[in-house]
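Chemist: Note that the protein sequences, when read in sequence, are chains A, B and C.
If you read the first sequence in our numbering, its first letter stands for residue 52, the second for the next number, and so on.
If you read the second sequence in our numbering, its first letter stands for residue 8, the second for the next number, and so on.
If you read the third sequence in our numbering, its first letter stands for residue 5, the second for the next number, and so on.
Source of the hints: derived by calculation from the structure; they are not laboratory data.
We treat Cβ as the ideally placed atom computed from N, Cα and C, and that holds for glycine.
There could be a bad hint or two in this list.
[Said to hold, decoys possible] Here are the in silico distance ranges between beta carbons for each label pair:
no., chain 1, residue 1, chain 2, residue 2, range
1, C, L150, B, Y566, 50 to 60 Å
2, B, A505, C, I93, 51 to 61 Å
3, A, F333, B, S485, 37 to 47 Å
4, A, A227, B, L32, 52 to 62 Å
5, A, R140, B, L499, 32 to 42 Å
6, B, S485, A, N184, 38 to 48 Å
7, A, Y126, B, A505, 29 to 39 Å
8, B, W449, A, R140, 25 to 35 Å
9, B, D30, C, L154, 31 to 41 Å
10, C, R175, B, A505, 42 to 52 Å
[Unchecked claim] One side of the interface only, derived from the structure: several residues of chain C facing chain B at Cβ under 7 Å:
no., residue
11, L27
12, A34
13, I42
14, K53
15, Q130
16, L133
[Said to hold, decoys possible] List time: in silico SDA-like cross-link candidates among lysine to any residue, alpha-carbon distance up to 20 Å:
no., chain 1, residue 1, chain 2, residue 2
17, A, K130, B, G363
18, B, K365, A, Y126
19, B, K365, A, A143
20, A, K223, B, S333
21, B, K75, A, R367
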Amino acid sequence: MQSTRNISAKPPLLKALAVLFFLACTCLAQSPTFSSPTNIFAPASTPARSIFGLSLFVLAITAVIFVVVVTLLTYAVVKFRKRKNDDGREPAQVYGSNQVEIAWTVIPILIVVVMFMATARVIANVQKSVPDNALQVTVVGHQFWWEYRYPGLKVVTANELHVPVGSPTALKLLSADTDHSFWVPRLAGKTDLIPNHPNVMWIDPQKPGLYLGQCAQYCGTQHAKMLLRVYVESRSDFDRWIQQQSQPAQVDEAVAEGRRIFETTACVNCHAVTGSQANGQFGPDLTHLMSRETIAAGIAANNHENLRLWIQDPSRLKPGALMPAMGLSEHDLDAVTAYLETLR
Amino acid sequence: MATDLITWPETQEADATFRPFVDRLHEWVTTVDHKRLGVMYILYALVFLLIGGIEATIMRIQLSAAHKDFVSPQVFNRMFTMHGTTMIFFVAMPLVFGLANYLVPLMIGARDMAFPRLNAFSFWLTAFGGILLYFSLIGANGLYGAGNAPDVGWFAYAPLTSHTFSPGHSTDFWTLGLLVSGFGSIGTAINIIATILCMRCPGMTLGKMPLLVWLNLVMAGMVILAVSPLSAAQIMLLIDRYLGGHFFDTQAGGSATIWMHFFWIFGHPEVYVLVIPAFAIASEIIPVFSRKAIFGYPVMVAATVAIGFIGMSVWAHHMFTVGMSSNANTFFVLSTMAIAVPTGIKIFNWLATMWGGKVEFKSPMLFCAGFLFQFLVAGLTGIMLSAAPFDWQLGNSYFVVAHFHYVIVGGILFCLFAAFYYWYPKMTGRMYNEPLGKLHFWLFLIGFHLTFDFMHIPGLLGMPRRIYTYEPGRGWDSWNFIVTIGVVFQGLGILVFAANLIWSYFRGKVAGNDPWDAWTLEWSTNSPPPAYNFAAIPSVKSRRPLWDLKHPEDPDWKYE
Amino acid sequence: MSVATITAFEPEVQWGPSARGRLGMYCLIAAEAAIFTIFVVAYLFYLGKSLSGPTPQQVLHVPVLFTICLLSSSLTIHLAVRSLRKAKIGAFARWWFLTLFLGATFLAGTAVEWRHLIYDEGLTIQTNLFGTTYYSLVGLHAFHVLMGLLALCTVWLFAMFGKVKSEHAERVDTLALYWHFVDTVWVVVFLVVYVIGR
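Looking at chain A on its own, in the form it has when it is part of the complex (with noise of 0.2 Å):
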């Protein structure tokens, strides 16, 4: 036998706590316990405050609709429901009603429209308004990492994006291999990288610092591991680290045996060091790799313990990476990290 008598209070009981849970954590929202570097709600570029704009919007129509939906349902569990001294007749039978039906046809068509409108004015701002003096750079997404070239300036890079604070920067968003997604929440909404089908989004952060994400559209073993950096800098911080990315590599005679091993190993094959005669595409471009201050796409300090387990084993530190263990000996590994570590 079972009693119907405290269980059937109870849901009328858990349908208040969840309003209050949810009235809660809105409140919580803004509090320290969900600081991130990656929060959405704390835009620092154009196109990341229209979003947050347009988000705020639909959360207060969808909070609205939440609470006199849930209110209504709430009311009906706990008035309608069984009485224990219930006379067993059948409630009176309402077969419908088309005045009410009008009524939640109308009002929800013309929340949609107010929707729909403003949403399509943040698409018109965000997509058709590329600024004319952004600067231009080109992202060519990898199996896992992320390739910089800034084709105005002449310098390509690898995995830490540096653009000046204040203006915008267009990003021509390209891949090698799979699908990508550029996504830096606080600088602006995610755009997908796809071979054969080029994109553009843009920025223009308002305030210098370290901004951070990752790739988001599923693109093989280490999509986890594809991590965003853009340093944003002031005009004559970004001039001169341009300067610097675009100057050759350094030739330091007392690391030759590492740069030999490097050049005649099949280092070569996949990376680039301008000024000397490694020219691959496949991996990232070294030539100014210690101006970097992460290694295998921002999950690495750039130390000197990662960078030698890198080049030695790079399963070690990301299982699945393109990269494959070259097989050196202690001897050689120290040599070419030696030289490696010159590329400044």
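Go by the hints and put chains B and C onto chain A.
Modeler: Below, chains B and C alone, put in the same frame as chain A:
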């Protein structure tokens, strides 16, 4: 309680006399009876539900903390591929088809489906497809051990699925398994349409069919139009992989986005194929447990047909980030927002059905109440996603994962649980255990909300989907941990559910024909129904034939 | 236990068993039409996008004769079914065989065309986007013609053994419906590949 309408004296099942197990097995394997096929579909789906749940659990353990090492990236990528593919094609679809198979002929007063042998053939195709997919675990080793279960994601985007990026045969097991079961789905859909349109009992015009029947008709129509594009795309993929074709070969000028279009032309209607039967279940259970007729039957039909049509035109809202023109993006925003209108109408009509009624919260109704609340939330997060610029942030993140699990688990699965409890007495002749049913509900409700409410947050904080691990310091850690905890409660709920089903089969109270005092034709025959369903084909005069019989002074046909 | 009788009403006009078969065939045709639509869309989308190799204009010749064969087979199958309804089994068998013959001729024509394209023009399914989409679309259609021929052949064999009677006319007509569909698809494929695409 209910008037026992006996169409034939209560007889025992024919196997009251002992028959060898092999004989009984042979009977089931060769059956063309829609009820038995329905039960087989359902049992098949339950097995894969457990397997899919294990796959999900493995993923959640791996993601419960940053940089966890529970499984390798290769295994994780196979897990999310198999979990998605299994749950959609070998859990949800068989459950939908199984229930349709079982209930539709009974509800329209027919003796079986229109094409019983095609019915059986379709079931075995579906079953074989699932086996083929899972055979990849043993059979798919290709070059350099790059085999094993498919790891291309359940929507298998090109060019990741080309031979270059997916050597070995794992992708082919995905393709073939789904191709085969897709043909089974089309066969069942043909059957459902022909049955509903041609075999209704006398007096049952289209306007007098139970809503479940109407909605399954719309669902079957969508299967015919939606599964075929997937089959076509998969044939093209096979041509690419085996005959050197270039359909999706971007090196030869092919297009990766055309696969996306073809896939989502299937993929979006597919989710309506899954949810419309859930609506059907709610439309049968809520009236009975509110003791009122469904509010606005014609509008419910019209709204569902509208959802069916509009649902075929929204597919590219899965592609807002791929760089379509702003005109294309705008169109798909409009169509997607438009579909919220008929969907909302349905929620209001269910609410209005409860309004003024006498709602009894037995297990079926508890799950339907959960469905109403959760489907509302899921619809609202869907509206957020339909605003394309908002989707440029939310898309491909855990927000989307939370949204669609809210629909599929919080909406569809909850309705399916409700259906289990509601029709279990009809299918087995026994009542399930009510306190266990309620325990299942509360455990699962808590687990569901722990997991899927909190799952929205990492999405809002920038966590993309399909990643086997994540960086600490992004603020995702604690949320992922809470999400994983919910799995425990859901698992317990499922265990209670399974225990209830099994225990009640042997020890449940005998149910009788009509334990719920319901109004549609399946409750007029025995529990379980005999092979021929009805002693005499019934005739009906209204949408609730049993209400008319129980209330001769106040029959429905006077008011409809 | 009370036993309530269910009063019998005037039975509504029921769709007969043959209606089920025809409706099932219409549904199958709808599903197949959806599959063909996707292949046609792919063909049209990729027109002009091949990076290399022969173009449609260079290598395609309009298959007038074989098209006439296939489309006439729709007429002959219609005449066959009409004969069957009138219980003229002999006439039925003759028209039916003619349909088979015309269908097989069409397939032979496709084979000849493909041989020419592969060996003389160097166009295979691997050559370029045109090759891939052309062979897939025309091949899918030819496959459906083949399946149809197998079914027609089965009926013809039954007819040879004297098993096909006028009461089977509805079922045979349902199969004829499939054959008409295959011909209609050819009209579309013909227009897309040999008229629009060239």
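Chemist: The structure should be examined with respect to each hint, and the outcome stated for every one.
Modeler: Going through the hints against the structure:
{"no.": "1", "hint": "C:L150 - B:Y566: 50 to 60 Å", "verdict": "57 Å, holds"}
{"no.": "2", "hint": "B:A505 - C:I93: 51 to 61 Å", "verdict": "60 Å, holds"}
{"no.": "3", "hint": "A:F333 - B:S485: 37 to 47 Å", "verdict": "39 Å, holds"}
{"no.": "4", "hint": "A:A227 - B:L32: 52 to 62 Å", "verdict": "55 Å, holds"}
{"no.": "5", "hint": "A:R140 - B:L499: 32 to 42 Å", "verdict": "40 Å, holds"}
{"no.": "6", "hint": "B:S485 - A:N184: 38 to 48 Å", "verdict": "43 Å, holds"}
{"no.": "7", "hint": "A:Y126 - B:A505: 29 to 39 Å", "verdict": "35 Å, holds"}
{"no.": "8", "hint": "B:W449 - A:R140: 25 to 35 Å", "verdict": "31 Å, holds"}
{"no.": "9", "hint": "B:D30 - C:L154: 31 to 41 Å", "verdict": "36 Å, holds"}
{"no.": "10", "hint": "C:R175 - B:A505: 42 to 52 Å", "verdict": "46 Å, holds"}
{"no.": "11", "hint": "L27", "verdict": "5 Å, holds"}
{"no.": "12", "hint": "A34", "verdict": "5 Å, holds"}
{"no.": "13", "hint": "I42", "verdict": "4 Å, holds"}
{"no.": "14", "hint": "K53", "verdict": "5 Å, holds"}
{"no.": "15", "hint": "Q130", "verdict": "3 Å, holds"}
{"no.": "16", "hint": "L133", "verdict": "5 Å, holds"}
{"no.": "17", "hint": "A:K130 - B:G363", "verdict": "8 Å, holds"}
{"no.": "18", "hint": "B:K365 - A:Y126", "verdict": "13 Å, holds"}
{"no.": "19", "hint": "B:K365 - A:A143", "verdict": "10 Å, holds"}
{"no.": "20", "hint": "A:K223 - B:S333", "verdict": "17 Å, holds"}
{"no.": "21", "hint": "B:K75 - A:R367", "verdict": "14 Å, holds"}
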